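A.B. asks: Starting from the known structure of chain A, fit chain B onto it as the hints suggest.
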Amino acid sequence: MITTTNLTKKYNANQVLNIESLAIPKGQSFGLVGNNGAGKTTYFSLLLDLIQPTTGHIKNNDIQVNLSEDWKPFTASFIDESFLIGYLTAEEYFYFIGELRGQNKADVDALVATFEDFFHGEILGQKKYLRDLSKGNQKKAGIVAALIGNPEVIILDEPFANLDPTTQIKLKQIVKDLAQEQGVTVLISSHDLMHITDVCERIVVLEKGEVVKDIVTSQATLKELEAHFAGTEII
Amino acid sequence: MIKRFLDLEWKQFTRSASFGKSVALKIVMAFFALYFVAMFLIVGIAMYPLLKKVFPESDPFVMFNGFIFFWILGDLVVRFFFQKLPVMSVKPLLTLPIKRSKVVNFVLGKSALSFFNFLPLFAIVPFGITLMLKDYNVSVVLVWMLTIVLITLINNFLNFIIEGLSAKTELSFLPIILFAGSLFALNHFKIINIAEALSHGIQAISNNPLLLIVPMLILAGLYLYNFKILREKLFLDSSLKTKAEAVNASSFEWTKKFGDIAPFMQLDLKLLWRNKRPKSAVWMVFFGLLYGLFFYPNPMYQDKEFLFAFVGIFVTGIFLINFGQFIPAWDSGYYKMLMSQNIKYKQYLKSKYTLMTLSVIILFVLSIPYVYFGWKILLAHFAAAIYNIGVNTYVILLGGSFNRKKIDLSQRAAFNFQGTGAVQWIIGLPLMLLPMGIFAIFNFAFNFEIGILVLILLGVIGIIFHQKIMKFITNRYLASKYKMIDAFDQDN
Chain A
7 MITTTNLTKK YNANQVLNIE SLAIPKGQSF GLVGNNGAGK TTYFSLLLDL IQPTTGHIKN
67 NDIQVNLSED WKPFTASFID ESFLIGYLTA EEYFYFIGEL RGQNKADVDA LVATFEDFFH
127 GEILGQKKYL RDLSKGNQKK AGIVAALIGN PEVIILDEPF ANLDPTTQIK LKQIVKDLAQ
187 EQGVTVLISS HDLMHITDVC ERIVVLEKGE VVKDIVTSQA TLKELEAHFA GTEII
Chain B
3 MIKRFLDLEW KQFTRSASFG KSVALKIVMA FFALYFVAMF LIVGIAMYPL LKKVFPESDP
63 FVMFNGFIFF WILGDLVVRF FFQKLPVMSV KPLLTLPIKR SKVVNFVLGK SALSFFNFLP
123 LFAIVPFGIT LMLKDYNVSV VLVWMLTIVL ITLINNFLNF IIEGLSAKTE LSFLPIILFA
183 GSLFALNHFK IINIAEALSH GIQAISNNPL LLIVPMLILA GLYLYNFKIL REKLFLDSSL
243 KTKAEAVNAS SFEWTKKFGD IAPFMQLDLK LLWRNKRPKS AVWMVFFGLL YGLFFYPNPM
303 YQDKEFLFAF VGIFVTGIFL INFGQFIPAW DSGYYKMLMS QNIKYKQYLK SKYTLMTLSV
363 IILFVLSIPY VYFGWKILLA HFAAAIYNIG VNTYVILLGG SFNRKKIDLS QRAAFNFQGT
423 GAVQWIIGLP LMLLPMGIFA IFNFAFNFEI GILVLILLGV IGIIFHQKIM KFITNRYLAS
483 KYKMIDAFDQ DN
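Taken in order, these protein sequences are the chains called A and B. Counting in my numbering, the first sequence runs from 7 upward without gaps. Counting in my numbering, the second sequence runs from 3 upward without gaps.
Honestly, I wouldn't trust all of these hints.
Pairs of lysine to any residue residues, derived as SDA-like cross-links and limited to a Cα-Cα distance of at most 25 angstroms, are as follows [unchecked claim]: (1) Lys-219/A x Phe-235/A; (2) Lys-348/B x Ser-74/A; (3) Lys-278/B x Leu-176/B; (4) Lys-111/A x Leu-271/B; (5) Lys-134/A x Trp-256/B; (6) Lys-483/B x Gln-186/A; (7) Lys-235/B x Arg-6/B; (8) Lys-348/B x Gly-92/A; (9) Lys-470/B x Thr-359/B; (10) Lys-219/A x Gln-186/A; (11) Lys-485/B x Tyr-17/A; (12) Lys-306/B x Tyr-293/B; (13) Lys-182/A x Thr-9/A; (14) Lys-141/A x Lys-278/B; (15) Lys-348/B x Gln-109/A.
FYI, nobody ran anything at the bench for these hints, they're computed from the structure. Being a predicted model, the structure only gives us computed values, none of them experimental.
In isolation and in its complexed conformation, chain A is listed as follows:
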């Protein structure tokens, strides 16, 4: 579904990302881990054509993202709070995203209703603008908005950060369902090794912009990752 070829991103002489090749098949739940500055958000921004690659390219469903905009209808994302429109209520925001994705109010209502449990009664019908919600609740709204319109690719940057434990557990279930039952390609980055090994079938470790590990998740993955980041790797 997503193939990355010879992708590099440099700021002046400073190379922040260098991925020779990376292919993510359709329906895979893909996890990206790495310390701060490893290039996770840079990779996602390149994937969304928010910044330009220095060399190479990314193809999303055979569409090169920096040349054509045709990947947009089937790709959804939530990177950070700047994806929210602060002066709308959660419902209005969902309807707005819905209209951009060709969904009418009834479609959006039906989808959003399935997340009532996830929202925990703190998002819908609140008579509050998004800018006045807490960080965690803003995140919940943003994540659900990314699910509107049956996208085939969903990109979530650090979705677990700022969420309360109950919501984290619910989110894990949602992501698993998306990949396994609906065949959606889900890309997630996280600093929480436990969550990401729980959710993702495949985990790639970035370090200083380069892929240093590419693991198919198994029982031993969490231990392996912990050892890697603690610097006590068993070779």
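C.D. replies: Here is chain B on its own, set in the frame of chain A:
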């Protein structure tokens, strides 16, 4: 400790992201500052001889004191718009082991060092020296100068109280206008002669230094009151936290008539109604509509026809200019999201275009009563409206593609230069002066009707080539997409 605070202030100033970027704006501001210093100096030096000449039989010192009331009113109004109490910057200090009272004292103390408090000195010192040279009692003049300094400081702290009280209201500048206006009216209609009372008071203080205690007590009282409010505010849950507003739920269903641009129009309308800064762009429309009243009733301008075109552009285009100059910066907060969404730039821009065009039509209709001042004015306004729709909308959209400044929607609008770059200054000129120039040339070379016709023709050409022009503008936006995303991502 004070030294530490000052050090922080200096770093905040020199290391702010916009320090290097907006040099041009800084130069403009510095120029204004110098201009005012020069004006005050001239007033200070020329005041004595001038008063002596115009009112030979009265004492210039007494005359000057008679003006002080008006200066206080003017000073208060100007301060209200320009002077801010920098409260937010102390947020990181709250958790550090510094006494709250110390932080408050620092913020208030710093405000006393504002440019506004030094400006009067440029007038008062030369005037005082002139007085001494003209054989006024030196100690009287010194006490007088001290009194004026105290009054300046009283104004300083009074302003923060007024600001604090009016911050919550919708039209935040109304209270100060009402306050200053009613004081002025009371004085003007001789209900209470405040100016004279004040003049006598200052006179009395100058002659009897013991009375200095009065302004000092007022100052101390205002300082303590400020101290009290500010100390209460220095908690995260009061002023440092922005308040949640009640939701204003209107769905703007009527925009559905505009087809595929409807979602964007709804978004734009919500943007206008729910955020302070764009909302004041809407309020400005009412002031813009009245702009013609400055010119038309005045017989001096009756035969200056080139002004009709200028006023027409302004009256019918005030919203276009106010709103349009910050496209796409209005959406800077969520620009990344828009760019990763399934949207077409064309629809996004068309929504803005439609909104501006509608505003021009509505404003033209509202400006029809100007026909009272003559048919020519109505005709000029009509031509200006067509020109606005057919030319200025495109010019301002095109200018927007060079926009690289983020806007924080929740900030207030009056004299807020955030998001203003060189582009906004440059683009203002062709918008207003070009049509006026074109009209003036044809009006001068041929006649009024030809001038009007040329403006209308230009507008109609623009409307005919709408698709082509919009395509060109859209490409300009596409070309600068990455630069805009990057710029809007940075806080300036």
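A.B. asks: Hints broken by the structure, by number, lowest first?
C.D. replies: 6
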